[in-house]
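Trainee: The listed protein sequences correspond, in order, to chains A and B. Anchor point for the first sequence: position 57 equals 57 in the numbering used here, and the numbering is continuous, going up by one each time. Position in the second sequence counted from 1, then plus 351, gives you the numbering used here.
Hints listed in this document are in silico derivations from the structure and should not be mistaken for laboratory results. Hints are supplied without guarantee of correctness; some may be wrong.
Capping the alpha-carbon separation at 25 Å, the derived lysine-lysine pairs in DSS-like fashion look like this [what the hints assert, rightly or not]: (1) 437/B / 144/A; (2) 602/B / 68/A; (3) 602/B / 437/B.
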Amino acid sequence: MRDARLAVGREGPAILVEDLHKSFGAVHALRGVDLRVERGTVLGVLGPNGAGKTTVVRILTTLLAPDKGRAVVEGRDVVRDAAAVREIIGLAGQSAAIQEELTGRENLEIIGRLHHLPKADCRRRAEELLEQFGIAGAADRPAKTYSGGMVRRLDLAASLVARPSVLFLDEPTTGLDPRSRIGMWDVIRDLVAQGTTLFLTTQYLDEADELADEIVVIDHGKVIAAGTSESLKNRVGGDVVEFVTPERTRVDAAAAAVAGLAEGEPFVDTETGRVAVRVGSLGSEALVRAVRELDAVGIETAGLSLRRPSLDDVFLALTGHAAEGEDAMPARRGRRRGRAGVASQDARAAR
Amino acid sequence: MRFGTLDALTMTRRELLIWFRVPAYIFFTIIQPVMFVLLFRYLFSGAIPVRVQGGYVNYLMPGIIAQSAAFASFGTAIALARQIQKGVIDRFRSMPIARSAILTGRLASDTLRLTLTVVVILAVGYGVGFRFRNGWGPAILMMLLAIALGVVICCISAYVGLAIRDEESVGSFGLVWLFPLTFVSSAFVPVYSMPGWLQAFANNQPVSIVIDEMRSLALGGPLVLHGWESAVWLVGILAVFGPLAVRAYRKV
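Sequences are here, hints too, so could you generate the full structure?
Mentor: Shown next as structure tokens:
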């Protein structure tokens, strides 16, 4: 029996999830989720608040038992072999699970002890990680004094103390400023280069795009799309040209003017005067053409920009409605530094 | 599990390390009780008539020692709620730590903390005139009883912290159950001096009973009746809240 488990453990996917169901009273958090993650790859699980991403993570990290279905991490069933799963996973949840009264070093060393590493190893490993994550200087100060970015890095370091082969990151950059986000991405990329399997949940399409080999989109407890970042963006219709029409009465005319660029129908919000069109892979040419078309019909616009598709765009394309987060926050759009064409332009200024 | 003891020890050490770092915790569990001793000893001793040898200070000390033990246990609820809020408990539960270690380590460190607290209070009490009048044996038993009370209240605290899970709510809620339990008791004033309707509660609640037994141990007096009642109460509370705390922990 044990040999069979080991054999499966050495081959086969790093993570396998079959028909996972989980309800909390009347709330059906997961309604039949299927996933597969190959070893050494990164799966990005994309979805708004309340979609069920964290529930999947909690089940895979043995914090919750599913109501129905099966989840296996490197050949070990998360319910029947929970103890074996815990030995090979690392978890960095949404809030940094750091004891702030203790120093960074103490946090890491104690985690090492709790992983049953020998004392000398704990110290060495803590030192290694503090260096790797750039917090060696603050190592002996209480974590309470760390900046938000440092705390997140310490948290990530803590999840790596025992060198897990499968790492779960639940929304690793939510709430971080743009610079810290990019720093975090670099750190995560290094991890992946070392062969760790990564299960990443996020609200940001650009993050999934940057980091994931495969993306899975979850909405209301079900997987609604799966594929590479490219295939997903193609389904969504590529980049988006977006602007606001101050003259509300001319919104429809503005939409008509740029309809020629669009793949599919332009999105129009008559209340805010916002118009958005998916322009495939036209790139900055789409922006130039939009300016021309709008100028030709004499409509002024504000905030004309070309941007990468967001989670909202993905959901709009896949489900016909916007991503409905639990708290109904608009999906945040991350912007990559130095990306050409993401400029707010007044239509007239381009003349 | 072979790692049960090691993990419990690591957790104990961890909790103690945390506790000693935060001035507010030290204040709450040591300095505040010391203030209470001085306050009651000097402010109220003239006004509160008691029928014990040695005067009010002798009447007071067993009460305050018990009260400090109870209040020290309050920190357990807050610490647990905080750890849950921050996801620390989640991380522990996703690690190969022996399942029992978290609560065991918690209880062990809290017991050590309690012991330190009551020893310090006793020392202060000696400083302001308290004296044992019943011999060393009973004196030690009295201290052990105080510690036992503290440990049992730790179980209640642990359950409260694990069930409510929100630091602020736990803090406010604590005032609701801890204050009446410690103040409406025989800790500071004789129960017969309270209004009739309060006496019923004060006379029969576990803290009063334990304090009465502690007073008998310290100063001489009937030991048996209150001794049995104390034991029954303490074991009873443990039997109820121990499993409750464990169940609440599993549900986190």
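Trainee: Compare the structure with each hint and give your call.
Mentor: Comparing the hints with the structure gives:
1. The hinted pair formed by residue 437/B and residue 144/A meets the criterion: a straight-line CA distance of about 13 Å does not exceed 25 Å.
2. A hinted pair counts as satisfied when its Cα atoms are at most 25 Å apart, and residue 602/B with residue 68/A qualifies at roughly 18 Å.
3. Between residue 602/B and residue 437/B the CA atoms are separated by roughly 16 Å; this keeps the pair inside 25 Å, and the hint holds.
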